[in-house]
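Could you put together the complete structure from these sequences and hints?
Number of protein chains: 2
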Amino acid sequence: MITLYDCATAPNPRRARIFLAEKGVVHETVQIDLRSGEQMSEAFRAINPHCTVPTLRVDATLVLTDNAAIAAYLEAQYPQPPLLGNSPNDKAEIASLNWRMEFDGLMPVAEALRNGSPAMADRALPGPVNYAQIPELAQRGLARAQRFFETLDAHLADRSFVAAEQFSVADITAVVAVDFARVIKLKPDERYPHLLRWRAAMGERPSCKL
Amino acid sequence: MITLYDCATAPNPRRARIFLAEKGVVHETVQIDLRSGEQMSEAFRAINPHCTVPTLRVDATLVLTDNAAIAAYLEAQYPQPPLLGNSPNDKAEIASLNWRMEFDGLMPVAEALRNGSPAMADRALPGPVNYAQIPELAQRGLARAQRFFETLDAHLADRSFVAAEQFSVADITAVVAVDFARVIKLKPDERYPHLLRWRAAMGERPSCKL
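Chains as they are written, first to last, in our numbering: chain Y, 1 to 210; chain G, 211 to 420.
Among these hints, one or two may not hold up.
As the list claims (entries may be wrong) - Here are the in silico distance ranges between beta carbons for each label pair:
hint, chain 1, residue 1, chain 2, residue 2, range
1, Y, 135, G, 297, 43 to 49 Å
2, G, 349, Y, 41, 28 to 34 Å
3, Y, 9, G, 364, 31 to 37 Å
4, Y, 49, G, 407, 19 to 25 Å
5, G, 252, Y, 182, 35 to 41 Å
6, G, 353, Y, 60, 33 to 39 Å
7, Y, 157, G, 252, 19 to 25 Å
8, G, 375, Y, 46, 21 to 27 Å
9, G, 375, Y, 182, 38 to 44 Å
10, G, 272, Y, 24, 30 to 36 Å
11, Y, 147, G, 235, 32 to 38 Å
12, G, 415, Y, 87, 27 to 33 Å
13, G, 341, Y, 129, 22 to 28 Å
14, Y, 41, G, 368, 23 to 29 Å
Said to hold, decoys possible - Examples of chain Y residues toward chain G, derived with CB under 7 Å:
hint, residue
15, 64
16, 66
17, 68
18, 69
19, 72
20, 76
21, 77
22, 91
23, 92
24, 95
25, 96
26, 99
27, 134
28, 136
As the list claims (entries may be wrong) - On the chain G side, residues computed to face chain Y include the following (Cβ under 8 Å):
hint, residue
29, 272
30, 274
31, 279
32, 286
33, 298
34, 301
35, 306
36, 309
37, 339
38, 341
39, 344
40, 346
In case anyone wonders, no lab produced these hints; they're calculated from the structure.
Quantities reported herein were computed from a predicted structural model and do not represent experimental measurements.
For every residue, glycine included, the Cβ atom is placed at its ideal position computed from N, Cα and C.
Below, the structure is given as structure tokens:
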């Protein structure tokens, strides 16, 4: 049985949860308790030495240790429905927007949270190495996250999906980034009407309720 | 004619240059002078509003504005030789390692350079918005870049390529990251014998001389 090592409260494993749901891939889920540091345990390190979730154990010989691997594998192994695009042009647009949702959305929110929260002292970056918080990076992350909302709202003004006029991994990453921004007290409101409309439409998908 | 908007001295356009060369895609090149800020000009903004290189103009209707788009498009349009992998397992491993080479290699070097160099004041991030330098981020970038060399050396101890026992985009990103680290005075030396061996082998490829 395929096993997803997950954490219900964390943004990155949610990307894998939604991807798996959209593909209809049957799997079991194991929760890893990030708050107690279970990802750093010897038991979990033996599964994923990067000490991060999501981790997808496909079988005894194949363990996927990040969302990049999980998306590439699932798209190739379960082509329907396509989430990375079909034509060269669609693949390019989806890859580009997914990358931007990660760099311009998820990362700034994570920077603001991890460099500002007392609960995350020395955990400014995920993974096995501790890094001290940088307060200026928390501030920059917040500023960039606000700009991300503005940019995404403008981008969605004449679009129903983030990329290539179809639901894709770029929508998944964007939904997760927008929802994750709650942790730094950012929520889409009436200043962002296109973002609100798109998020409401995404909310109709069962996968996005996960 | 396909046109690559390039900058001979910058790491990210080099990734596209190598990718195009490995695929044998005939194209013309236009140099954008990042030192004088040509990427911010109205003329270039009209081509790529993100104000970054590489930018690949395929035709009047298709302009690819980042490496994610360029790699996805070229792989789909020019499948041979594959640079993103063929089997689901290889695609996963290559996507994962490419992502790690970008996040753990290119990004820390860029953080160290952009947050430390007097010539890059207020240019702590690429793109149309100015962000102030954060000296602590320059220090963290240097520490992470050193760790990247160590990690990559250990990874290559029993490998000839970064991922999936074949030349791939993960090698391209790694070569560019390792070479780029010169700007923060990091070079592979005898402390990193596996990294040195791999880099020497990559240097035999005409594409990696670009």
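Provide an ascending list of the numbers of those earlier hints which the structure does not satisfy. none
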